[in-house]
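Novice: Here is what each chain is made of, one letter per residue.
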Amino acid sequence: MKLLLSDTPLTIHLKKENEIYIDLSQLKISNCIGCFGCWTKTPGKCVIRDDAVKVYPMIANSEKIIYVSHVKYGSYDTIMKTMLERAIPIQQAFIRIHNNETHHVQREVKNKDAVIIAYGELSQEEKDIFTRLISRNANNMSFSSYRILFVTKEELTSTVEQEVALW
Amino acid sequence: MVKTIIINGSPRAPKSNSKQYAEIFRKYYTGETISFMINNRNHSEICDHIEGCSDIVFVFPLYADGIPSTLLNFLKTLETYQINQKPRVHILINCGFIEPEQNNVALDMMRLFCRQNRYEFSSTLAIGAGEAFLTTPLSFLVKGKIKKFAKLVASKKTEHLSVTLPLSKKSFVKASTKYWIAYGERFGCSKEQMASMKIE
Ligand SMILES: Cc1cc2nc3c(=O)[nH]c(=O)nc-3n(C[C@H](O)[C@H](O)[C@H](O)COP(=O)(O)O)c2cc1C
Chain A
194 MKLLLSDTPL
204 TIHLKKENEI
214 YIDLSQLKIS
224 NCIGCFGCWT
234 KTPGKCVIRD
244 DAVKVYPMIA
254 NSEKIIYVSH
264 VKYGSYDTIM
274 KTMLERAIPI
284 QQAFIRIHNN
294 ETHHVQREVK
304 NKDAVIIAYG
314 ELSQEEKDIF
324 TRLISRNANN
334 MSFSSYRILF
344 VTKEELTSTV
354 EQEVALW
Chain B
21 MVKTIIINGS
31 PRAPKSNSKQ
41 YAEIFRKYYT
51 GETISFMINN
61 RNHSEICDHI
71 EGCSDIVFVF
81 PLYADGIPST
91 LLNFLKTLET
101 YQINQKPRVH
111 ILINCGFIEP
121 EQNNVALDMM
131 RLFCRQNRYE
141 FSSTLAIGAG
151 EAFLTTPLSF
161 LVKGKIKKFA
171 KLVASKKTEH
181 LSVTLPLSKK
191 SFVKASTKYW
201 IAYGERFGCS
211 KEQMASMKIE
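Protein chains in written order, with the working numbering: chain A, 194 to 360; chain B, 21 to 220.
It cannot be assumed that every hint is accurate.
[Stated by the list, open to error] In silico DSS-like cross-links for lysine-lysine, where the CA-CA straight-line distance does not exceed 27 Å:
# : chain 1 : residue 1 : chain 2 : residue 2
1 : A       : K238      : B       : K168
2 : A       : K234      : B       : K218
3 : B       : K23       : B       : K165
4 : A       : K257      : A       : K247
5 : B       : K168      : B       : K189
6 : A       : K303      : B       : K194
7 : A       : K238      : B       : K194
By construction, these hints were calculated from the structure, which means they are not laboratory data.
Please build the complete structure, drawing on both the sequences and the hints.
Specialist: Rendered as structure tokens:
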């Protein structure tokens, strides 16, 4: 599966069957409450039954993924960050050593080529922090490769089109 | 006025490790404190109390390698508030994994927030193995570090501290496996069930 996950509406038409576009801003997703139910009560399932439970299985299933997010303080802004926090059911509680650091064991999660399209008016410092965040995420989010593209809001649609064309 | 506002940014604040770390901080801190836990409804109440404080201590967990969205949302509100006398900002962050350095990116996000909004960024304490630390016989180590951090906040000095369980990564993996098996048992969930590869 190929997934385009965005925090803002995009005018894009995906043509193939296994290509999916999700606009998180149109979904109802509340924040993770840190209950660890998805690890210790109903493994693999979040207790909050809102729209996030449709999204994290798709994240797990995709071998190509494009994240589109506004950046704030060098972080994904809240819409994308809230979704990523809600995606921890795709990991187990159990910890392993991975790239010489401790990280969680993944459930049935495909290794993925990720492209992160980060938009906003960003300073170099902000871009540097975000770049470090993504290199950390790569360990926890099963990225076999990743690229980060910093763009302005105006450049967003054309950049997404170019990246989708590479699928 | 010397008064410190402690702001808990854990999404499970009332039952959080952050709450326990904040309580240890309060025990060792000599100055006056007020405490808040961020929720969706109390942003402006907290912002109102920031004016008049000399120091802020943000206490929160690492979430997906960054700042929890609960705290991120709050910072975006705080940014819109006019605070005349900006307090110094200190950070007490904890993460689940054993390497306290995994907190560094989140610390730099807080530093950036401070720079962009002209708050003085002061001392930090990064805790590794923060999920289980206080349940171990070695909890005195983290308490000792929080005591040192509390002294720094009371002084005008700035330092960046970290602490974690003195275990090899391998032993940590073993100990954490035990911790999570016991966690699951409380809900009648076996190790095999917890290790399910299925999603949804
Ligand atoms: C959604 C979520 C994401 C997390 N992400 C990380 C992480 O990226 N790295 C880490 O070391 N721990 C991570 N943790 C573990 C927490 O940081 C750890 O359990 C911490 O002790 C929780 O503190 P609290 O009780 O104050 O909320 C995460 C926990 C949750 C629920």
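Novice: Work down the list of hints and note, for each, if the structure agrees.
Specialist: Status of each hint after checking the structure:
With a C-alpha separation of about 41 Å, the suggested pairing of K238 of chain A with K168 of chain B is violated against the 27 Å cut-off. For a cut-off of 27 Å, the pair hint linking K234 of chain A to K218 of chain B stands: about 14 Å separates their Cα positions. For the suggested pair K23 of chain B and K165 of chain B, the alpha carbons sit about 21 Å apart, so the restraint of at most 27 Å is met. Of the supplied pair hints, the one linking K257 of chain A and K247 of chain A holds, its CA atoms being roughly 17 Å apart against a limit of 27 Å.
Distance restraint check for K168 of chain B and K189 of chain B: the Cα-Cα separation of roughly 26 Å lies within the 27 Å cut-off, and the hinted pair is therefore satisfied. Our distance criterion of 27 Å between C-alpha atoms is met by K303 of chain A and K194 of chain B, whose separation comes to about 26 Å. Proposed proximity of K238 of chain A and K194 of chain B is supported: the alpha carbons are some 25 Å apart, at most 27 Å.
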